[in-house]
Amino acid sequence: MNSIRYLLGGKSRQLGMIVALIVLIIFFQVATEGLTLTPDNVINLFNGNSYILILAIGMVLVIIAGHIDLSVGSVAAFVGIVVATAMQDFNLPAWAGVLLGLVVGALAGLWQGFWVAYANIPAFIVTLAGMLVFRGANQAVGHSNTISVPADFQTLGSGYLPEIGPDTGYNNLTLLIGFAAVAAIIVSELRTRKRLIQLGAEHPSVSVTMVRIVVIGAIILYVTSLFATGRPGTSFPISGLILGALVLMYGFISSRTVQGRHIYAVGGNLNAAKLSGVQSKRINLLVMTNMGVLSALAGMIFVARAHASGPFDGVGWELDAIAAVFIGGAAVSGGVGTVIGAVVGGLVMAVLNNGLQLLGIGADLTQIIKGLVLLAAVAFDVYNKSQGKTSIVGMLIAGFQRSTRSPSEAAPPSAAAPAEKEPAAPAASEASVHDPDTDRTFEYTNRK
Amino acid sequence: MRSIRKEFGKVTALSDVSINVHAGEIHAICGENGAGKSTLMKVLSGVYPHGTYGGEIFLDGNLCEFRDIRASEAEGIVIIHQELALIPELSIAENLFLGNEPQRFGVINRDEVARKCQELFARVGLEEDPETLIKDIGVGKQQLVEIAKALNKSVRLLILDEPTAALNEDDSQHLLDLIVGLKGKGVASIIISHKLNEIEQVADSITILRDGRSIETLDVIADGVDENRIIRGMVGRSLESRFPARNHNIGEPFFEVKDWTIRHPAVPGRLVCKSSNFFVRRGEIVGMAGLMGAGRTELARSIFGRSYGTYLSGTLIKNGSSLELKTVKQAVNAGIAYVPEDRKVHGLNLLDDIKATTVSAALNRISRAQVINSDTEHKVAEEYKTRFHTKAASVDTGVSTLSGGNQQKVVLAKWLFTNPELLILDEPTRGIDVGAKYEIYGIIQELAAEGLGVIVISSELPELLGLSDRIYTIFEGEITGELPADEADQESLMRMMTASGTPRTQRITEEHTS
Chain A
0 MNSIRYLLGG
10 KSRQLGMIVA
20 LIVLIIFFQV
30 ATEGLTLTPD
40 NVINLFNGNS
50 YILILAIGMV
60 LVIIAGHIDL
70 SVGSVAAFVG
80 IVVATAMQDF
90 NLPAWAGVLL
100 GLVVGALAGL
110 WQGFWVAYAN
120 IPAFIVTLAG
130 MLVFRGANQA
140 VGHSNTISVP
150 ADFQTLGSGY
160 LPEIGPDTGY
170 NNLTLLIGFA
180 AVAAIIVSEL
190 RTRKRLIQLG
200 AEHPSVSVTM
210 VRIVVIGAII
220 LYVTSLFATG
230 RPGTSFPISG
240 LILGALVLMY
250 GFISSRTVQG
260 RHIYAVGGNL
270 NAAKLSGVQS
280 KRINLLVMTN
290 MGVLSALAGM
300 IFVARAHASG
310 PFDGVGWELD
320 AIAAVFIGGA
330 AVSGGVGTVI
340 GAVVGGLVMA
350 VLNNGLQLLG
360 IGADLTQIIK
370 GLVLLAAVAF
380 DVYNKSQGKT
390 SIVGMLIAGF
400 QRSTRSPSEA
410 APPSAAAPAE
420 KEPAAPAASE
430 ASVHDPDTDR
440 TFEYTNRK
Chain B
0 MRSIRKEFGK
10 VTALSDVSIN
20 VHAGEIHAIC
30 GENGAGKSTL
40 MKVLSGVYPH
50 GTYGGEIFLD
60 GNLCEFRDIR
70 ASEAEGIVII
80 HQELALIPEL
90 SIAENLFLGN
100 EPQRFGVINR
110 DEVARKCQEL
120 FARVGLEEDP
130 ETLIKDIGVG
140 KQQLVEIAKA
150 LNKSVRLLIL
160 DEPTAALNED
170 DSQHLLDLIV
180 GLKGKGVASI
190 IISHKLNEIE
200 QVADSITILR
210 DGRSIETLDV
220 IADGVDENRI
230 IRGMVGRSLE
240 SRFPARNHNI
250 GEPFFEVKDW
260 TIRHPAVPGR
270 LVCKSSNFFV
280 RRGEIVGMAG
290 LMGAGRTELA
300 RSIFGRSYGT
310 YLSGTLIKNG
320 SSLELKTVKQ
330 AVNAGIAYVP
340 EDRKVHGLNL
350 LDDIKATTVS
360 AALNRISRAQ
370 VINSDTEHKV
380 AEEYKTRFHT
390 KAASVDTGVS
400 TLSGGNQQKV
410 VLAKWLFTNP
420 ELLILDEPTR
430 GIDVGAKYEI
440 YGIIQELAAE
450 GLGVIVISSE
460 LPELLGLSDR
470 IYTIFEGEIT
480 GELPADEADQ
490 ESLMRMMTAS
500 GTPRTQRITE
510 EHTS
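Chains as they are written, first to last, in numbering that gives the first Met the number 0: chain A, 0 to 447; chain B, 0 to 513.
Honestly, the hints are just simulated from the structure, not real lab data. Among the clues, some could well be false.
Computed footprint of chain A on chain B, listed as stretches where at least three residues anywhere in the stretch have a Cβ under 8 Å from a Cβ of chain A [as the list claims (entries may be wrong)]: (1) 81-91; (2) 257-270; (3) 356-367; (4) 460-470.
Using 27 Å as the maximum straight-line C-alpha spacing, the simulated DSSO-like pairs for lysine-lysine come out as follows [stated by the list, open to error]: (5) B:Lys184 x A:Lys273; (6) A:Lys273 x B:Lys41; (7) B:Lys273 x B:Lys328; (8) A:Lys280 x B:Lys325; (9) B:Lys317 x B:Lys378; (10) B:Lys325 x B:Lys390; (11) B:Lys184 x B:Lys140; (12) B:Lys182 x B:Lys257; (13) B:Lys152 x B:Lys140; (14) A:Lys193 x B:Lys378; (15) B:Lys378 x B:Lys325; (16) B:Lys41 x B:Lys257; (17) B:Lys257 x B:Lys152; (18) B:Lys115 x B:Lys182; (19) B:Lys184 x A:Lys280; (20) B:Lys134 x B:Lys115; (21) B:Lys182 x B:Lys152; (22) B:Lys257 x B:Lys273; (23) B:Lys378 x B:Lys273; (24) B:Lys184 x B:Lys41; (25) B:Lys273 x A:Lys273; (26) B:Lys134 x B:Lys317; (27) B:Lys182 x A:Lys273; (28) B:Lys152 x B:Lys134; (29) B:Lys152 x A:Lys273; (30) B:Lys184 x B:Lys152; (31) B:Lys317 x A:Lys273.
Given the structure is predicted, the values throughout are model-derived calculations rather than measurements. For glycine and all other residues, C-beta sits at the position ideal for the given N, C-alpha and C.
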């Protein structure tokens, strides 16, 4: 049966990432003798990486649609300086500053989206230009100076949930969010199971569902306790809250809405999408504009955390975000990737960075290790796809799956398909991009 | 060439082909699409190296075992493919000597290039500056450059695959004259062409291929060959009963295309559809016969939301009122569905599973406020899977793992879920094995019986004859004839498809009122 796969999450590629993340955390927890999973370190980890993870959410949509965005760091820096200058010169309140930033980000995204969608210029070129343009614009607006931001704006990047209610020894709001999350998990697991049974589709057994609820619930409660017991004045960070909301929102959009489907369709097969009535230009404009908005948000969170906007903010962010997306299982050829995968990929990089720092390993070696991890993760994907398998974990559990192909459907050879290879286990092929008929594997190279 | 065999996996492309070309003759090869003409020429020119095919090739009595194209070119055998192998961004001179540059110590000898250019241009009758870029000259002249390139390689046997397919009449005539002229200078040619009138005009002998076999070789003069004789040789097989029984339920005409004219998207002035007129009745299966490149797909796609070409003129009329379909979305909403020719390029996102594919053209039918109801999605996909007997473990199965026939069923389901009134099927059974074909035919007939108007575009004449109620023929973007299927046979269709027979368009417009 498929119980082990269901227990661990369903989609093999995401599953592999989550397992890798957990292994990595346990490794560093042991290697740093307990320094990794302390409240302060976990809070710090989130605060210091939330803006990259937010970028990764936008970036995965761009990459699923078959593009790339190199300008996100520059756009973030440009928005940061515009907002900081506006608040300083015109005494804008913090909320108006945030609004202004989002609008500026949307306009920057719209500008680049226009060139990509309607002028048919490859996004690589458009955003390479944007990287220069917006970096220069940042330095022009701020005269290459650092401009500080007011205290209420700083909450966005360095604020925490407030203490309210009775003194329980924990941060009450953090606890509340943790409990709500556990309740949501229970409800959604049970509803999913009921739905699958009603549809007559494959579904997990009761014990598997129970184990899943207990394991996921325990992890959430543990993380909650870490956030709720930090130094006085710290708790679950505001930026983490924003991140969480975005993950839920974009996870829903990408998997459950018409627009989300269309993004996958455009990246998966542009010709087929167009002939199915998908307005591909609008979709391209949309993902690029959305990337601009999320870049703006990331830039503002960073400025708020750093208490000031400077001329070299956001340098190299695009690479961190892109790395997160590819570690999270997306393909450069488009059509493949998930929001949750990108965030988990970003967390893998963050934990790696953090753990190596805690171990006292220098920035030089850290970069080398991060680069090799990225290469290894993607190489592993490519290798497995060429073998028609989805991931190492998918491979490990393959033996536990019953063969679901009926013997009569051994794919009669069509004229175009000589010597067809045995395809991947059908039910697990969400992330498999191996095409048995042409023996083609979607390469990790830019197709534009 | 003696007893040539060539197999691709389990598919036999050539089973037993022998052909004998004499020095200084023009030898035509005729056959339907898929008869094996192009494969044979690739064997001869070394594209498929020695050892990958069976049989023997002799040149001047010597056994040849070409390892690659270079080896065959060294012996003076040069092939000019249908898709010209010129580089658009390079000049005529650069293309002419590509891979064969007159040089000394790696530096190109420009005087030598200029001198040779002049000589070759004179031989093929090309008047152009050698520095002109290939993209700036017409297809006709590009064809001449290809021939000049072949002459530069001291060609003895020139193979031309559909040389005039993309040319207008003047350019075609010039090219044919040139080939005849070359014959006088001792260069033999093999011509593959669908234009039987041209073949009749220039060929000395004709070999007919059918189903991967050489059927016969005719001497044009001695045997008194005409087009009818060639067509008989090309089709000469009986119709088997490969079609399910049919329930006819034909109603009134409801969809009509009038004066439809479409320009090629990139080449100004080249029309891919010329004032086409046709109509479809409810419950009727209408066949569109035409050779590859005749403009069948272009016609269909231009009607389907102008997804091909540049619209010049024409009207679409459905249920008595005219339609303006500028985008695919509008076409889908107007109840038109188009199942494309190439499943993998235009029909499917191979990353998707069955259920996502089934609903992908009509997401609005299963969503509210842009949110997709995945339960409905699952149910819809399950319904079509049961109805069409799609063989797959579940609707969560990835479409890339399905066989061609089952993929086609999923694509059909995708388009039927848009609730069309008019279903256009472009080569619905290409690359599908016989069993699955029968099932697809059954589905098409069932849909017609339910009242859908169906247009079937196909290169396989037996398929059209067996499936359709009425057949239009298309040649070079024009509808050249219309026949009820029970009055048509392969010969009459082939004649109209090659535009050699009856005066065009006379039968069309008359017999219907809408």
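Verification of the supplied hints:
no., hint, result
1, 81-91, "violated (count 0)"
2, 257-270, "violated (count 0)"
3, 356-367, "holds (count 5)"
4, 460-470, "violated (count 0)"
5, B:Lys184 x A:Lys273, "violated, 52 Å"
6, A:Lys273 x B:Lys41, "violated, 35 Å"
7, B:Lys273 x B:Lys328, "holds, 25 Å"
8, A:Lys280 x B:Lys325, "holds, 15 Å"
9, B:Lys317 x B:Lys378, "violated, 32 Å"
10, B:Lys325 x B:Lys390, "violated, 37 Å"
11, B:Lys184 x B:Lys140, "holds, 21 Å"
12, B:Lys182 x B:Lys257, "violated, 46 Å"
13, B:Lys152 x B:Lys140, "holds, 19 Å"
14, A:Lys193 x B:Lys378, "holds, 15 Å"
15, B:Lys378 x B:Lys325, "violated, 32 Å"
16, B:Lys41 x B:Lys257, "violated, 42 Å"
17, B:Lys257 x B:Lys152, "violated, 50 Å"
18, B:Lys115 x B:Lys182, "holds, 21 Å"
19, B:Lys184 x A:Lys280, "violated, 56 Å"
20, B:Lys134 x B:Lys115, "holds, 21 Å"
21, B:Lys182 x B:Lys152, "holds, 16 Å"
22, B:Lys257 x B:Lys273, "holds, 11 Å"
23, B:Lys378 x B:Lys273, "violated, 44 Å"
24, B:Lys184 x B:Lys41, "holds, 25 Å"
25, B:Lys273 x A:Lys273, "holds, 25 Å"
26, B:Lys134 x B:Lys317, "violated, 41 Å"
27, B:Lys182 x A:Lys273, "violated, 49 Å"
28, B:Lys152 x B:Lys134, "holds, 23 Å"
29, B:Lys152 x A:Lys273, "violated, 44 Å"
30, B:Lys184 x B:Lys152, "holds, 15 Å"
31, B:Lys317 x A:Lys273, "holds, 23 Å"
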